[in-house]
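There are 4 protein chains.
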Amino acid sequence: MQRFALIGAGFIGTVHAANLAADPDVDFAVVYDIDTARATALASKYGARAVTSLGEVFDPAAIDAVFIGSSTDTHAEHLRAAADAGLAVMVEKPIAPSLAEAHEVVAYVEKSGVPANLDFNRRYDRDHAALQRVVASGGVGDVELVQMSSRGPSLPPVEYLKVSGGQMRDQTVHFFDLLRWITAQDPVSVAVTGSALVDPSIASFGDVDTSVATLTLPSGALVQIDSVRRTGYGYDERIEVMGSTGLVESRRQRSGNVAVYQGDGILLDPLHAGWFERVQPTYAAALRAFVAALEADTPVPAPLRDGLAAQAIAEAATLALQSGLTETIRYRNLDWRPPRRPREPHRQ
Amino acid sequence: MQRFALIGAGFIGTVHAANLAADPDVDFAVVYDIDTARATALASKYGARAVTSLGEVFDPAAIDAVFIGSSTDTHAEHLRAAADAGLAVMVEKPIAPSLAEAHEVVAYVEKSGVPANLDFNRRYDRDHAALQRVVASGGVGDVELVQMSSRGPSLPPVEYLKVSGGQMRDQTVHFFDLLRWITAQDPVSVAVTGSALVDPSIASFGDVDTSVATLTLPSGALVQIDSVRRTGYGYDERIEVMGSTGLVESRRQRSGNVAVYQGDGILLDPLHAGWFERVQPTYAAALRAFVAALEADTPVPAPLRDGLAAQAIAEAATLALQSGLTETIRYRNLDWRPPRRPREPHRQ
Amino acid sequence: MQRFALIGAGFIGTVHAANLAADPDVDFAVVYDIDTARATALASKYGARAVTSLGEVFDPAAIDAVFIGSSTDTHAEHLRAAADAGLAVMVEKPIAPSLAEAHEVVAYVEKSGVPANLDFNRRYDRDHAALQRVVASGGVGDVELVQMSSRGPSLPPVEYLKVSGGQMRDQTVHFFDLLRWITAQDPVSVAVTGSALVDPSIASFGDVDTSVATLTLPSGALVQIDSVRRTGYGYDERIEVMGSTGLVESRRQRSGNVAVYQGDGILLDPLHAGWFERVQPTYAAALRAFVAALEADTPVPAPLRDGLAAQAIAEAATLALQSGLTETIRYRNLDWRPPRRPREPHRQ
Amino acid sequence: MQRFALIGAGFIGTVHAANLAADPDVDFAVVYDIDTARATALASKYGARAVTSLGEVFDPAAIDAVFIGSSTDTHAEHLRAAADAGLAVMVEKPIAPSLAEAHEVVAYVEKSGVPANLDFNRRYDRDHAALQRVVASGGVGDVELVQMSSRGPSLPPVEYLKVSGGQMRDQTVHFFDLLRWITAQDPVSVAVTGSALVDPSIASFGDVDTSVATLTLPSGALVQIDSVRRTGYGYDERIEVMGSTGLVESRRQRSGNVAVYQGDGILLDPLHAGWFERVQPTYAAALRAFVAALEADTPVPAPLRDGLAAQAIAEAATLALQSGLTETIRYRNLDWRPPRRPREPHRQ
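Chains as they are written, first to last, in UniProt numbering: chain A, 1 to 348; chain B, 1 to 348; chain C, 1 to 348; chain D, 1 to 348.
Don't take each hint at face value.
As the list makes no split between identical chains, a pair holds if one copy fits it or if it spans any two.
[To be verified] Here are the simulated lysine to aspartate or glutamate pairs, EDC-like style, with alpha carbons at most 16 Å apart:
hint, residue 1, residue 2
1, 45, 25
2, 93, 277
3, 45, 27
4, 45, 142
Treat the hints as calculated values from the structure; they're not laboratory data.
Please put together the full structure from these sequences, using the hints given.
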């Protein structure tokens, strides 16, 4: 049984709270939020205790693990505190707003030796996970072409976009991680073309709302990722991996499985209205995997370092969008090893 | 090369003519129709000769095979003439309006020994044929449940329905044949429930426009066939066969493969507007199979006797609709043998 | 906030317990089970109190509503106790093993005036519910043909089947309720044909494992329900309703949305392995609707009487299976009214 | 009625011959091929006349229109001959192996004023055409993102590839035309990344077998086209167009519509085995449109100039593949106008 403290009682914090309460190996002990009332309300719903000081969070006597679900600019600080207290820690992406700072934090936490895990929840999407298993087991042969669509239903507020770091760092970064995880390869280069089609004012601060990225894998395989901020037809996420012997596709998910037949066509249920409808179940599964690793004393499923790699790709992609050139992705200082499984040399 | 005469230059005759002209092993020689102008127009389009007497059709010196595509009440007479002339013959369903007369004609033709084939074109539907192969090869194990939907888009004229013999004889009969062909079993009993929902006036002459039939196969397997005269959403034909190890389905066919995604749903192309859009390719394939049998001097694929069996089921179904009881299907006088392959005794 | 006692801590009881704990308007107070250890374990997981006497369940001072999730033969007794104590009550199907006893219990409970609700959870299937809304809103016009498939993946133990009351009462009864709910009509007659194909020994106690039922609605519309105990390919549940202007289908649900393309075909994820995978979310939704009615002081969504109607159809269907005849369904003594919305006279 | 001469009796010539024979407004008069025996065999099958001199093809007294279906290096010569003879002409793609020569030929033919039409048959794909109509009618709003997949089942012989001009000119060019036709925009720039994954020896002559192209439209909309020589799972062609209000997709086409349900998955029919299975019906439709324009004396549907534009894009794409840079597409000397409909300025 792992005694958990949760930092952050906002929207996503409430999701984590419900999952912590339901997990059979978790004792959901403590909630902290800078908004004390919010912490109290959330804690009381699940029989946890609201605390008002971080000292009660990072307390090895009462807590085994901390879940950091607070705002991005606090992640680094809380990660260091967990390392100092010797507590296991799970943290929302990203590790830190800047890659340089993220590097420092990861080095610090790794030195401490505490189990530290990123919440790469999309890896736990039922269908993406099945696709990854097909690819990893050789079900489509050697990977040759990967296509990913990341398309949100509606434009976030421009005020949010201004401070988001840009589409590559804010949106596409999730798919850079999925790409590494699915192919077990680190892409070597990236080119990006983008436009501000939905709201041209986005261009005024150097960002885009519609973009296509092309990446190359060490094996020569090619990758296309399209990122769209506003579809008009719902949340559209899709992955396909073509290999030397077949293709596997994690298809668009509809919100239901009803069909109405009329003379002018057959109307199926639309895609999910928003991203949360699709990804909700992934949070509990990601937590489950972390807790299981703690219970079994095995390596965490998504070490912080994986986040550095995704972030490095996002940095190169941001540069490529500005330069109009194909940019090499630099994982330097990472002392990098392939993420999971050895690759055979490409067949001749 | 088989020299063919075609009887009938109406709508379906023009379909047969195009297929006769395109078949590589057919010399499309002669067209006959009681409407001479119609025969002439059709013949000239394909370089055939229009004739005005049946003597020029049933002429062994000039003709090897006759395709009877004229009206139902003439089939028997033309079949006998082909038998007398020693010509191979392919005929549209049914053999004759009454089962008794059909029996007589079949006996007459069989005695002559000429190759005589019914145009059971639906057996050549691309998807139904694939389903039949799956079933015949044991791909779903022993058949346990069969479901068939036969649904036309719009009500035929009531004047037509009055003389059609009723829904079982006119519409469902095609599926009685498909059932025998797919399962290689002759159903033993049938019950039918029906209503005149589309046009209550149909009830005044004892017919229905919407019905469900339940049949039992010798193995104990169950069959459901629904027959609908007017769907309002296009031509809807579907077959599924559940066996002891799996299920195979010949799905509804859409008229295209385009999808439009909007916020309120995903609109697929509708089903075919009419039956002809779905079945058109089957006519050429059915002809091809007959011609191939003639060329190879092998048994014809759908001997007339198969038509008697389907007609016998339709008679019992018509009786069942009237009686409200489960009726035994009587194939007597047919000296019947299972149509194609031996059945093992049902496993214990 | 409704204080709930739960009776029954078996498999389905644990499902109800999780839902009671998660429902925002429920105070999950008490668990009772004849197996005290089981009750204690379940109660402790959710911070509820295990009790050892029914007096602590039916205690108006501490409890507002009782959820009866114990074995079928105890439902009647607990329903009467809830009525006596003036407590709201939600009960698993069926009300009682025999229709006669069910009648008595319903009369008793109705006289008491307590809110009493059957757990017709399948009505809360996401897709079936959407289909029902399409039908109720006239989206397919007047109902003309209904088809339902109820197919379990594997044969239950024969020992269970022997005491189950037969396929109609045990399995098909759920679809008799769905039929009434979807069409807002009470069927007038039923005919059933069945076979013991999976395990012929089932025939020795008068039951079947594969059956097709044909029902007629007051409007003349026709209904087909097939019930299968063992598919070999997973849990297969499907409903389609054809009306005068279109068709709506609640499709087979697959366990995932992944496709693998190979040269010999495209492999999609299979259907759910078992019934529970499909219906799990329906239990929470059914509970939610009951609690919402209690909170709003409005009529319960599925009054006990609805269960009598489904049970009456199952009785007639059982008789029809034995007699081989079309049986009239007798709702007598029910002082019956159409379940939900007025019907216009059938259009001429 | 248009009297046609066909040049070329090879594989695709036999397809054209069958379509010429079946078209109601065509008098299929003459066949020419450098292989005289081949011409004779094809002509005799359809009652046409085989000729041995091109003088009998380009003979205004006997012929109204010429269909050029011979090898690519002869197209220019035959086009000039048709212009000289004042005959209408339909020609297979491309106009000439080099863009410069194609420019000259088009100028020559345009000066003559004869109706001259390219066989852009893929525009007549049933589903692509429906997609184009949806886009053109504003059914998805302003185009923002286009994705096309062009994937053949198996690698053509390396000997063929060596002289093919490269993947962009040989394969992707068809989709450059579809792109212009669907969006009614001429792309302004193109970047291409490619690899020789299937057969590394292809790299030795500067070609690739797997590539992704990114194009930008004048409106800022983005385009992705992937081109694959060998899939391992059949012929895979797919187009989707995302606009400001929705998305339209011309889906992968399967070779049949049968599904087999087993415990481990649902097996659908594979994609078509080859490209011809998908595109066969488009040839007759493309011919039909040309003949209809001749009969009605209206502009031809696909003037030669459209071929120049597609070829200009392919040249820029070939350059981009070599340079690794985004290349501007130069339509110079074409006195270019948007192909079909005016565009409103992009909305603010």
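TODO: Using 16 Å as the alpha carbon limit, work out where residue 45 and residue 27 are close: within a copy, between copies, both or neither.
DONE: both (14 Å within a copy, 11 Å between copies)
Open item on the list: With identical chains, the pair residue 45 and residue 25 could be close in the same copy or across copies; at 16 Å between alpha carbons, which is it: within, between, both, or neither?
Closed with: between (19 Å within a copy, 11 Å between copies)
Task: Status of residue 142 relative to residue 45 across identical chains (alpha carbons, at most 16 Å) - done: Neither. Shortest intra-copy (49 Å) and inter-copy (47 Å) distances fail the 16 Å Cα cut-off.
TODO: Could you place residue 93 and residue 277 in one of the four classes (within, between, both, neither) given a Cα distance threshold of 16 Å?
DONE: neither (19 Å within a copy, 31 Å between copies)
Of the numbered hints stated above, those contradicted by the structure are hints 2, 4, listed in ascending order.
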